[in-house]
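J.: Just so you know, the protein sequences line up as chains A and B, in that order. Okay, so the first sequence: first residue is 679 according to the numbering used here, each after it adds one. Okay, so the second sequence: first residue is 189 according to the numbering used here, each after it adds one.
The hints are simulated quantities; they were obtained by calculation from the structure and are not laboratory data. Do not take every clue at face value.
Stated by the list, open to error - Straight line, CA to CA, 16 angstroms or less: simulated EDC-like cross-link-like pairs of lysine to aspartate or glutamate:
id, chain 1, residue 1, chain 2, residue 2
1, B, K256, A, D702
2, B, K365, B, D325
3, B, K256, A, D727
4, A, K853, B, D234
5, B, K212, B, E250
6, A, K853, B, D235
7, B, K212, A, D825
Single-letter residue listing:
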Amino acid sequence: MDDLMLWGRLRKGDHGALREMYTDHVVNLENYARKFTSDNVLIEDTIHDIFVQIWNQKERLGNTDSIIKYLCVTLRREIIRRISKAQKVTELKNQEGLDADFSISIEDILISEETKDDHHKKLKKALDTLSSRQREAIYLRYYEEMDYEEICEIMEINYQSVRNLISKGVTDLRKYLTPAIFFVTMFF
Amino acid sequence: MENKDLHDFKQELIENEAFIRWVKSDFVYDNEHWSQFVDDNMDQMDDINAAIGFVRNLSFVEIDEIDKDKLWQRIDASTEFGRSIVLKPKERSIMKYIIGIAAAACLIFMFVYRLGFSGITDVQTGIAQYMTEKLPDGSSVRMNANTQIKYNLRKWDTNREISLSGLAFFEVSKGSKFTVITDKGVVTVLGTSFSVDTRNDNFEVVCKTGKVSVKSSESTEVVLNPGDMARLNSGKLQLESNDGGNGHQIHWLEGMYTFENKTISEVIVELESQYDIHVKLEKEMDKLQYTGFFKKGNLEEALKSIFWPLQLQYRIEGKNVYITK
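Here chain A stands alone, though its shape is the one from the complex (with noise of 0.2 angstroms):
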């Protein structure tokens, strides 16, 4: 409801809607971007096309429930096309097509002290088997919080690709990220 409010004034003209989506997301984004490419400036500056682009066709969008979904499914698009715009320049072609790489790196995932030693290497190797688009699936459902309809939208994939990447993916991940810590019973 209040995306919905927020997203109206925008339509209107209201500059200040615009500073508030930023405002609210810009570090969200700027992560999603981030595991797609290191290159700040490519980051940078397709984050500032993007609001721009949503200021100058404001009379002409459509609505949305979800900001931070509309936000997330712009940056991919312009950023992989990007990415693969230089790619083909350079003729740097990855192997999974033109399709930009997403990458979670160890670096990227908070790990407590208990994981640490026994698993980093193990945790590492498995979120290098995982596909980029498993990782990606994971990052939106885990860190976005997103559910399955808004990753499908996001990635342009169906539901039930949306489920298996996820539960593949998770499957994979368990046997690294499970140490028996007891959180519930301390609430009882």
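Using the hints provided, position chain B relative to the given structure of chain A.
T.: Chain B only, in chain A's frame:
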């Protein structure tokens, strides 16, 4: 949690979005439900703990390298054009022309939108605009000026849920649960008619027929019978019951706007959204209180019925109305 055969208990939890949200919120979000869940599944405690451990451990480091202020300044500089400016009042004929274009644009937009991927229908009215939206199940929404509704056309059969900001009257066909979501509270009915007002920071629900359940964001709940009104008053939902009298009427359906001990500014906000005008008060007039009503349709009469009892004069100049002593 579907696909029971393919997933074990632990995995189901790990993939459950409500569960993720509960863990990520440090066991705050929907804790009542999940505490109960834990109680009910004491025998699976190890799996629950492992699932919690997994979700907690799969947390991502937040990187904050980009200078956010600097980037905003860039965006700010690139978006100088198109900021909304207050339009100076023009001749009526020109305004009509503009409203015509706006209405046409609105129709085109609605049409395009209905064909969109998401199935979300979004309908909005502007100043002095009324619109009745027919919902797929035959229910209808009479929207007052400056009102917006949104619902999912595709999911309507299974999910009669509509979000509202503004003022609207709902006539709901009998069927499954019908829910109106606003930012201040939620109204739930089965089949009935009622109005919801969220303007000017209000949250007022008046029940005309049937039974209506109103729940505020603070999760107090009241049930309304015909003629009852629920009103959010300093954060608390209050029931103003019918009292066996005529009950609360939804006057605006008859084009009548009634006020009881409202400040003149509140009355003017309503007046300006029903007539496309700007009212200019003199100093300190805005503290005056008003009890009475005005009607839609005739501006002069409306002005007379508001300002005559307050012993004030009005003068219409184009789209401006000046109030003097």
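J.: With reference to the structure, classify each hint as holding or not holding.
T.: Hints, one by one, checked against the model:
no. : hint             : in the structure
1   : B:K256 to A:D702 : 11 angstroms, holds
2   : B:K365 to B:D325 : 12 angstroms, holds
3   : B:K256 to A:D727 : 14 angstroms, holds
4   : A:K853 to B:D234 : 15 angstroms, holds
5   : B:K212 to B:E250 : 14 angstroms, holds
6   : A:K853 to B:D235 : 13 angstroms, holds
7   : B:K212 to A:D825 : 14 angstroms, holds
Of the hints listed earlier, there is not a single one the structure fails to meet.
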